[in-house]
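Engineer: Okay, here's what each chain looks like letter by letter:
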Amino acid sequence: MSVFTDFWHYPFLFNALLATLGLSLLCGSLSAMVVAKKYAFMGSSISHGALLGVSVCMSFLSPETEAFSLYLFLGTLAITLIAVAPLAYTTFRQKLPSDALIGLFFTATMGTGLLIHQAFGRSQGDLLGFLFGNILTITQIDLFIILFLLMIVLPVIWAKRLHWIHFIYNEQAASIQGLKTKIYHYTLFLFITLVIVAGLKISGVILINSFLLIPGIFALKHAPKALDTFTYSLLFASITAMLGLFLANALNLPTGATVAVIQAFAYFASLLLVKKA
Amino acid sequence: MALAFEGSESKIHHLVPTAKVSPERIGRDPKKARGEEILKAALAVEHLTFSYTKGLEVLKDLNFKVHESEILGILGPNGGGKSTLLKLLAGLLTPDTGGIKFGQEGRNIKTPLIYIPQKEQNNNTYPLTIGELLAGARLPKEIIKKAESLAALEQMGLSLDLNRRVSSLSGGEYQRVLLAKAILFDAKIILMDEPTKGLDGVGQDKLLELIQNLKKTRQASIILVDHNISQVLKHCDRLLCLNKTYHWHDHKDHINKGILEDTYHCEFEHLLIHEKKGDILSHDHHHCAVDHDEKSHNEVPEHNLKEARSHKESDS
Numbered sequence: 000m001s002v003f004t005d006f007w008h009y010p011f012l013f014n015a016l017l018a019t020l021g022l023s024l025l026c027g028s029l030s031a032m033v034v035a036k037k038y039a040f041m042g043s044s045i046s047h048g049a050l051l052g053v054s055v056c057m058s059f060l061s062p063e064t065e066a067f068s069l070y071l072f073l074g075t076l077a078i079t080l081i082a083v084a085p086l087a088y089t090t091f092r093q094k095l096p097s098d099a100l101i102g103l104f105f106t107a108t109m110g111t112g113l114l115i116h117q118a119f120g121r122s123q124g125d126l127l128g129f130l131f132g133n134i135l136t137i138t139q140i141d142l143f144i145i146l147f148l149l150m151i152v153l154p155v156i157w158a159k160r161l162h163w164i165h166f167i168y169n170e171q172a173a174s175i176q177g178l179k180t181k182i183y184h185y186t187l188f189l190f191i192t193l194v195i196v197a198g199l200k201i202s203g204v205i206l207i208n209s210f211l212l213i214p215g216i217f218a219l220k221h222a223p224k225a226l227d228t229f230t231y232s233l234l235f236a237s238i239t240a241m242l243g244l245f246l247a248n249a250l251n252l253p254t255g256a257t258v259a260v261i262q263a264f265a266y267f268a269s270l271l272l273v274k275k276a
Numbered sequence: 000m001a002l003a004f005e006g007s008e009s010k011i012h013h014l015v016p017t018a019k020v021s022p023e024r025i026g027r028d029p030k031k032a033r034g035e036e037i038l039k040a041a042l043a044v045e046h047l048t049f050s051y052t053k054g055l056e057v058l059k060d061l062n063f064k065v066h067e068s069e070i071l072g073i074l075g076p077n078g079g080g081k082s083t084l085l086k087l088l089a090g091l092l093t094p095d096t097g098g099i100k101f102g103q104e105g106r107n108i109k110t111p112l113i114y115i116p117q118k119e120q121n122n123n124t125y126p127l128t129i130g131e132l133l134a135g136a137r138l139p140k141e142i143i144k145k146a147e148s149l150a151a152l153e154q155m156g157l158s159l160d161l162n163r164r165v166s167s168l169s170g171g172e173y174q175r176v177l178l179a180k181a182i183l184f185d186a187k188i189i190l191m192d193e194p195t196k197g198l199d200g201v202g203q204d205k206l207l208e209l210i211q212n213l214k215k216t217r218q219a220s221i222i223l224v225d226h227n228i229s230q231v232l233k234h235c236d237r238l239l240c241l242n243k244t245y246h247w248h249d250h251k252d253h254i255n256k257g258i259l260e261d262t263y264h265c266e267f268e269h270l271l272i273h274e275k276k277g278d279i280l281s282h283d284h285h286h287c288a289v290d291h292d293e294k295s296h297n298e299v300p301e302h303n304l305k306e307a308r309s310h311k312e313s314d315s
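Protein chains in written order, with numbering that gives the first Met the number 0: chain A, 0 to 276; chain B, 0 to 315.
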C-alpha cells in the first residue's frame with residue numbers, strides 16, 4: 000500500500016496526520032514571535048519543564064482512565080504554568096534572566112520530574128515517549144485538544160497581528176502609545192506553554208523546539224515584511240511537517256526526529272537557494 | 000528685579016546669580032510673560048523626587064511646567080538625570096514622591112505622548128517596514144491607511160517607499176519617520192532624548208526646524224534633551240538646567256553664564272575638589288556626598304579652576 004494512502008486506511012495514522020498538521024499550524028503562528036523576541040532558549044526551557052508535569056500526572060493517573068489524555072494535558076498544563084509563572088514575571092519589561100537562570104529552571108524542573116517518576120512512576124518507557132514523542136499514542140481527545148487550541152490561538156494572533164508585531168518590535172514604545180503590553184507578554188507565555196504541552200505526544204520535549212523555532216527562523220530570514228512572517232512561518236511549518244510525516248511513514252522512522260531534520264534541511268536549502276538567486 | 004514666572008517655580012539650591020531681565024526687555028507683555036494666563040499648561044511636574052537606589056536621589060523636589068505649543072530644552076551634564084526625567088514623564092519609571100500632571104490646570108488627563116529615547120529598543124530581527132511602523136501609530140485604536148502614512152512622511156520632508164525596512168534608515172531619516180509617527184498619533188507631548196546625536200550640522204538644523212513646525216502647526220509640547228547648548232538656545236522656548244538635585248527652569252532669555260556654570264560645574268570643579276583631597280581615582284561624582292556650594296568652590300585655587308575650564312572648552 001502507498002505511503003500516502005496509509006493515512007486514510009489506518010485511523011491511528013490519520014490521527015497522527017491531523018495532530019501533526021494542527022501542531023505545525025499552532026507552532027507556525029507563534030514561531031516568528033518566539034525567535035524575534037529572543038525566547039528560543041526560553042521555549043526550550045518551558046518544554047523541558049513540562050516533563051515535570053508529565054511525570055507527576057503519569058505517576059498518579061491511571062492510563063486506563065477513559066479521559067486519561069485530557070487529564071494528562073490539563074495536569075501537565077497546570078504544573079507547567081505554575082513552574083513557568085516566575086519566568087514570565089521576571090521577563091516582563093526587563094532584560095531576560097541570565098541564560099544560567101533559565102538553565103537552572105529547566106534542569107531543576109526536569110530533574111524533579113525524573114525523580115518523581117523514579118519514585119512513583121509505573122514504567123520508564125512511558126516517560127521516554129515524551130522525550131522524543133510517539134504519534135502512535137495520539138487519541139481522539141488529543142485531536143480535540145489541538146483543534147480547540149487552534150480555534151483560540153490562531154484567531155487571537157491573526158486578528159491582532161499588527162499589535163503583536165509592535166509589541167515584539169519595541170515593547171517600550173508600544174506600551175507608551177497605549178498597548179496593553181502586560182497582557183501580550185503573559186498571553187505569549189500562555190500560548191507557548193499550551194502549544195508545547197499539546198505537542199508533547201507528537202514530538203516530545205526535546206524535538207518540539209524544532210517546530211517552535213525553525214519556521215520562525217525561516218520566516219524572519221526570508222519574509223519581506225514583518226506581517227508576512229506569519230504566513231511564511233505557517234506555510235513552512237505545515238509543509239515541512241507533512242513532508243516529515245510522510246517520509247517517516249515511508250522509511251519507518253520516528254516522526255518527531257524526521258520532521259526536525261526535514262525542517263533544518265529545508266531551512267539550510269532555502270539559504271543556498273537564495274544565495275544562488 | 001527677579002522674575003518669578005508662574006510655572007517655572009524654580010528652586011535654586013545653590014548660589015546662582017538671579018537673572019535680571021525685565022519682561023519689557025524681552026519684548027513681551029508683563030502679563031503674558033507670567034505665562035499661565037495666556038498659555039495652557041500641557042504638563043506640570045510637582046515636587047518630583049526619584050532615586051534608583053534608596054537614599055541616593057537622582058532628582059529632588061523638581062518643579063516645572065511645560066505649556067502647549069512650547070519647546071522645553073533640558074541641559075545638563077552626563078548623569079545629571081535628564082534621561083531619567085524623560086523616562087519618568089513617559090511613565091516608564093515611577094516617582095518616589097511628587098507627581099506629573101498632564102493637561103490644563105493640573106487635571107490629570109490622558110495625553111497622547113511619544114517618547115523617542117537615545118537608544119531605541121528596536122528588535123531589528125523583525126523585518127518591520129516603514130509602512131508597518133506608521134500603520135501601527137494609533138494602535139490599539141485603529142490601523143492607519145497608506146495614504147495617511149505617506150502624507151505624514153511628506154510633512155516631514157520624506158518621500159520613502161513604505162515597503163523599505165526601518166532598520167535600513169539613516170539616523171536622520173529614522174528620527175523624521177518617528178516624528179511622522181508622532182503626527183499620525185496626534186501626539187500632544189513629544190519627548191526626545193538627544194535627537195540630534197549622530198547628525199551632521201545640516202541634519203541637526205533640519206530636524207530642529209521640523210520640531211519647530213510641529214510645535215506651531217500641531218500645538219505640540221516638545222521636551223528635548225540635547226548637549227548642543229547653542230542649538231537648544233536657538234530652538235527652545237524655555238530651559239531646564241538639570242544636574243541631579245540642582246535645577247533651574249525659566250524662559251531661555253533668563254539663562255546666564257552663572258547658571259550654566261552651576262549646572263555643569265561638577266564636570267571639572269568637582270573633580271578638582273577630589274583631586275585636592277587625593278581621592279580622584281576612587282571618585283564617583285554621581286554618588287558624591289561633598290557639598291558643592293560656594294564654600295567648597297573656594298577651597299579650589301582660582302587658577303586651577305581657570306585651567307580646568309580652559310581644558311573643558313578645548314576638549315569640547
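If you're looking for bench data, these hints aren't it; they were derived computationally from the structure. Possibly wrong hints are sitting among the right ones.
[Said to hold, decoys possible] Label-pair ranges, simulated between beta-carbon atoms:
#	chain 1	residue 1	chain 2	residue 2	range
1	A	Leu161	B	Thr216	23 to 33 Å
2	B	Ser169	A	Lys274	22 to 32 Å
3	A	Leu250	B	Ser158	50 to 60 Å
4	B	Ser166	A	Ala268	47 to 57 Å
5	B	Lys39	A	Phe91	34 to 44 Å
Bear in mind the structure is a predicted one, so any value in this text is a computation, not a measurement. Every residue, glycine too, gets a C-beta built ideally from N, C-alpha and C.
Engineer: Now, for every hint given, state plainly whether the structure supports it.
Structural biologist: A quick look at each hint next to the structure:
1. A:Leu161 x B:Thr216: 23 to 33 Å: 28 Å, holds
2. B:Ser169 x A:Lys274: 22 to 32 Å: At 27 Å between Cβs, range holds.
3. A:Leu250 x B:Ser158: 50 to 60 Å: 56 Å, holds
4. B:Ser166 x A:Ala268: 47 to 57 Å: 26 Å, violated
5. B:Lys39 x A:Phe91: 34 to 44 Å: 36 Å, holds
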